[in-house]
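K.L.:
Heads up: the sequence shown at position 433 corresponds to 480 in our numbering, and the numbers run straight through without jumps.
The hints are simulated quantities; they were obtained by calculation from the structure and are not laboratory data.
Fair warning: there could be bad hints in the mix.
Here are the simulated DSS-like pairs of lysine-lysine, each with C-alpha atoms no more than 30 Å apart in a straight line [as the list claims (entries may be wrong)]:
#: 1; residue 1: K171; residue 2: K93
#: 2; residue 1: K496; residue 2: K441
#: 3; residue 1: K175; residue 2: K441
#: 4; residue 1: K198; residue 2: K93
#: 5; residue 1: K219; residue 2: K69
#: 6; residue 1: K219; residue 2: K100
#: 7; residue 1: K198; residue 2: K69
#: 8; residue 1: K100; residue 2: K87
#: 9; residue 1: K496; residue 2: K93
#: 10; residue 1: K87; residue 2: K496
#: 11; residue 1: K93; residue 2: K69
#: 12; residue 1: K219; residue 2: K175
#: 13; residue 1: K175; residue 2: K496
#: 14; residue 1: K430; residue 2: K496
#: 15; residue 1: K219; residue 2: K198
#: 16; residue 1: K93; residue 2: K175
#: 17; residue 1: K496; residue 2: K171
#: 18; residue 1: K175; residue 2: K198
#: 19; residue 1: K100; residue 2: K198
#: 20; residue 1: K430; residue 2: K441
#: 21; residue 1: K175; residue 2: K254
#: 22; residue 1: K219; residue 2: K379
#: 23; residue 1: K87; residue 2: K171
#: 24; residue 1: K171; residue 2: K198
#: 25; residue 1: K93; residue 2: K219
#: 26; residue 1: K87; residue 2: K219
#: 27; residue 1: K430; residue 2: K175
#: 28; residue 1: K175; residue 2: K87
#: 29; residue 1: K175; residue 2: K100
#: 30; residue 1: K254; residue 2: K87
#: 31; residue 1: K254; residue 2: K219
#: 32; residue 1: K69; residue 2: K87
#: 33; residue 1: K69; residue 2: K175
#: 34; residue 1: K171; residue 2: K219
#: 35; residue 1: K87; residue 2: K441
For each label pair, taking beta carbons as the anchor points, the in silico distance ranges come out as [as the list claims (entries may be wrong)]:
#: 36; residue 1: A375; residue 2: Q569; range: 21 to 27 Å
#: 37; residue 1: R562; residue 2: Q409; range: 48 to 54 Å
#: 38; residue 1: Q343; residue 2: Q536; range: 34 to 40 Å
#: 39; residue 1: A58; residue 2: D333; range: 43 to 49 Å
Predicted model, so just to flag it, every value in this text is computed and none were measured.
Where a beta carbon is used, it is the ideal one built from N, C-alpha and C, also for glycine.
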Amino acid sequence: MTTAGDVSRSATTFSVAELVSKAWEGEIRVPHFQRAFRWKREDAFKLFDSILKNYPIGSLLLWSRPAPPARQLQFGALHIDAAAADNALWVVDGQQRITTLANVVHSQSQSDPRFALAYHLENKRFVKPASGNSPLVIPLPVLFDPQQVMKWFWQYPEINEYFDEASAATQKIRQYSVPAYRVEHNDEQVLQDIFDRMNNYGKRLTKAEVFSALNAGDENTAQERLSFPVIAAHLDEERRFGQLDEDTVLQAVLVRRHPDTQREIRNEFSVADSEGRDAAYRAAEDSLMRAVAFLQDEVGVPHVALLPFRYLLIVLSRFFACHPEPAARNRKLLRRCYWRAAAIGPGIFPGGTTGATRILGQRINSEDETGSVQGMLNALGEKPVELPVPDVRKFRANSAASKIILCSWWENDIRDPESGEVFDRTELAESLTGQWTASDAVYTLIFPKQIPDEIRTSAANRILLPVLRHDRGEVQELLLRNINQLEEQQWRDIQRSHLITPELSGLWATGEITRFIEQRQQLLHETVADFLRRNCEWDYEDTPPLSELVIDGEDELSPSEPYIDTMREG
48 MTTAGDVSRS ATTFSVAELV SKAWEGEIRV PHFQRAFRWK REDAFKLFDS
98 ILKNYPIGSL LLWSRPAPPA RQLQFGALHI DAAAADNALW VVDGQQRITT
148 LANVVHSQSQ SDPRFALAYH LENKRFVKPA SGNSPLVIPL PVLFDPQQVM
198 KWFWQYPEIN EYFDEASAAT QKIRQYSVPA YRVEHNDEQV LQDIFDRMNN
248 YGKRLTKAEV FSALNAGDEN TAQERLSFPV IAAHLDEERR FGQLDEDTVL
298 QAVLVRRHPD TQREIRNEFS VADSEGRDAA YRAAEDSLMR AVAFLQDEVG
348 VPHVALLPFR YLLIVLSRFF ACHPEPAARN RKLLRRCYWR AAAIGPGIFP
398 GGTTGATRIL GQRINSEDET GSVQGMLNAL GEKPVELPVP DVRKFRANSA
448 ASKIILCSWW ENDIRDPESG EVFDRTELAE SLTGQWTASD AVYTLIFPKQ
498 IPDEIRTSAA NRILLPVLRH DRGEVQELLL RNINQLEEQQ WRDIQRSHLI
548 TPELSGLWAT GEITRFIEQR QQLLHETVAD FLRRNCEWDY EDTPPLSELV
598 IDGEDELSPS EPYIDTMREG
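Full structure from sequences and hints, please.
P.N.:
In structure tokens form, the structure reads like this:
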């Protein structure tokens, strides 16, 4: 029997240059029971700032063991062809740091916003890569390579006075010493136990991470098996919906099997279970894919950053698992159901989103498609006395209300201020890579200090613009002055798509900023209210498909004729 006393460990140190080299060459591996990569660009800023200041960044725990066979590794944004190794280093603690180090200083990762960093030689701090060609802003892959640094200064001789600063930064980063423990043990379960203990001291594992670890299986078969990060990546690759978090994917796996997603998960796939882990994951991926396609193509939610409540995606995934190809009428009613639930919020259900998931999930019967839709509509109740409309005076990209506002803007076919072309969801996805809110695609029109406090946070001072190449000043010029000399109608169409009327444009151009915000705020309120009215369709009958009706008499419509909605009386 293996005991903890059999574990052999030794202390060592690695320079950043050594760690990065080992990662690029496939000598560093991430065990399949590890959590997914979570860090964002802000975390990368802090890590490299700490290195430059010689602050401690914590120690690593590495498991020394063979790594057969050869395979391609996903390491952050990098794809690494790794050979079989007799003594690879498997990361038990320190995955976020090592992945960030290896990606930030590699040129192939710079299209991923999480890893795109540069160093401002004059200000001596890390920044986002410059949108122009400022030679003072040197990308980290260049700064990390002494030869590339020499080429940089040969290319830009006008900044030679900063060569010593760049060389010093290069040396500090490359030679920074990272302490590490190397552990040797043959039993994978012991390492999982160490991982579990380390990650439960001070910060508990998420439910998805516990579930993944419990159902991880053997390391040698993990490469071919679906996992929560892989399912999320497939959704993003195929639908450009953005990266779902692991807990949402777990909920989709669970809710497909039973509406109660809060049940005990430790024995979810028991010996007696007829489906099994792999089949459940495959089925959940399929139902999620169908639910996301429905959201994008029919509901009007192009990206996870515009999804007001994630529980609605989970409920939809259960519905499409039970009914993969619903009738057209039921799809229309399901769309109503989504927007009604989004508008009134989960507060009508006991237990909030958890209760809403369970109650709506229970209404979904795998044997009755129409009954499932009708059941969910009934669970949402009658039309509210006053239809709730998001408060456009307060905009926060991570709030459900603001995400509904963003969906109403997206429905307006927003246009590129430069070309006049309508943005598509691929462009939106590119601008939000690695983001869970739409902040990176939301522009502030007027500098906040120029407007009164009471309207400073208003959605009326913002637009949705899925591009990365403009700053606020450029956006103002493009929307106000038609500097690209577009045809008048095309330019007006651009303004209209961003809810800027000729009257509003005049107020903005003449400096009447407060009136511009206040009047655009009223227009936004009316726009969002109309958006919800049209999508919730509270005033229409929720009649099921014609084929489900019992029809008497010979003069009634035949099932082949189209269904026409009727307004409720009263």
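K.L.:
Would you mind marking each hint as holding or not holding in the structure?
P.N.:
Verification of the hints:
no.: 1; hint: K171 to K93; verdict: 14 Å, holds
no.: 2; hint: K496 to K441; verdict: 16 Å, holds
no.: 3; hint: K175 to K441; verdict: 28 Å, holds
no.: 4; hint: K198 to K93; verdict: 27 Å, holds
no.: 5; hint: K219 to K69; verdict: 19 Å, holds
no.: 6; hint: K219 to K100; verdict: 9 Å, holds
no.: 7; hint: K198 to K69; verdict: 25 Å, holds
no.: 8; hint: K100 to K87; verdict: 20 Å, holds
no.: 9; hint: K496 to K93; verdict: 28 Å, holds
no.: 10; hint: K87 to K496; verdict: 28 Å, holds
no.: 11; hint: K93 to K69; verdict: 23 Å, holds
no.: 12; hint: K219 to K175; verdict: 20 Å, holds
no.: 13; hint: K175 to K496; verdict: 24 Å, holds
no.: 14; hint: K430 to K496; verdict: 41 Å, violated
no.: 15; hint: K219 to K198; verdict: 19 Å, holds
no.: 16; hint: K93 to K175; verdict: 13 Å, holds
no.: 17; hint: K496 to K171; verdict: 27 Å, holds
no.: 18; hint: K175 to K198; verdict: 21 Å, holds
no.: 19; hint: K100 to K198; verdict: 26 Å, holds
no.: 20; hint: K430 to K441; verdict: 25 Å, holds
no.: 21; hint: K175 to K254; verdict: 34 Å, violated
no.: 22; hint: K219 to K379; verdict: 60 Å, violated
no.: 23; hint: K87 to K171; verdict: 21 Å, holds
no.: 24; hint: K171 to K198; verdict: 20 Å, holds
no.: 25; hint: K93 to K219; verdict: 15 Å, holds
no.: 26; hint: K87 to K219; verdict: 23 Å, holds
no.: 27; hint: K430 to K175; verdict: 48 Å, violated
no.: 28; hint: K175 to K87; verdict: 13 Å, holds
no.: 29; hint: K175 to K100; verdict: 19 Å, holds
no.: 30; hint: K254 to K87; verdict: 21 Å, holds
no.: 31; hint: K254 to K219; verdict: 39 Å, violated
no.: 32; hint: K69 to K87; verdict: 23 Å, holds
no.: 33; hint: K69 to K175; verdict: 26 Å, holds
no.: 34; hint: K171 to K219; verdict: 13 Å, holds
no.: 35; hint: K87 to K441; verdict: 26 Å, holds
no.: 36; hint: A375 to Q569: 21 to 27 Å; verdict: 37 Å, violated
no.: 37; hint: R562 to Q409: 48 to 54 Å; verdict: 51 Å, holds
no.: 38; hint: Q343 to Q536: 34 to 40 Å; verdict: 29 Å, violated
no.: 39; hint: A58 to D333: 43 to 49 Å; verdict: 48 Å, holds
Hint violations for this structure: numbers 14, 21, 22, 27, 31, 36 and 38, all remaining hints satisfied.
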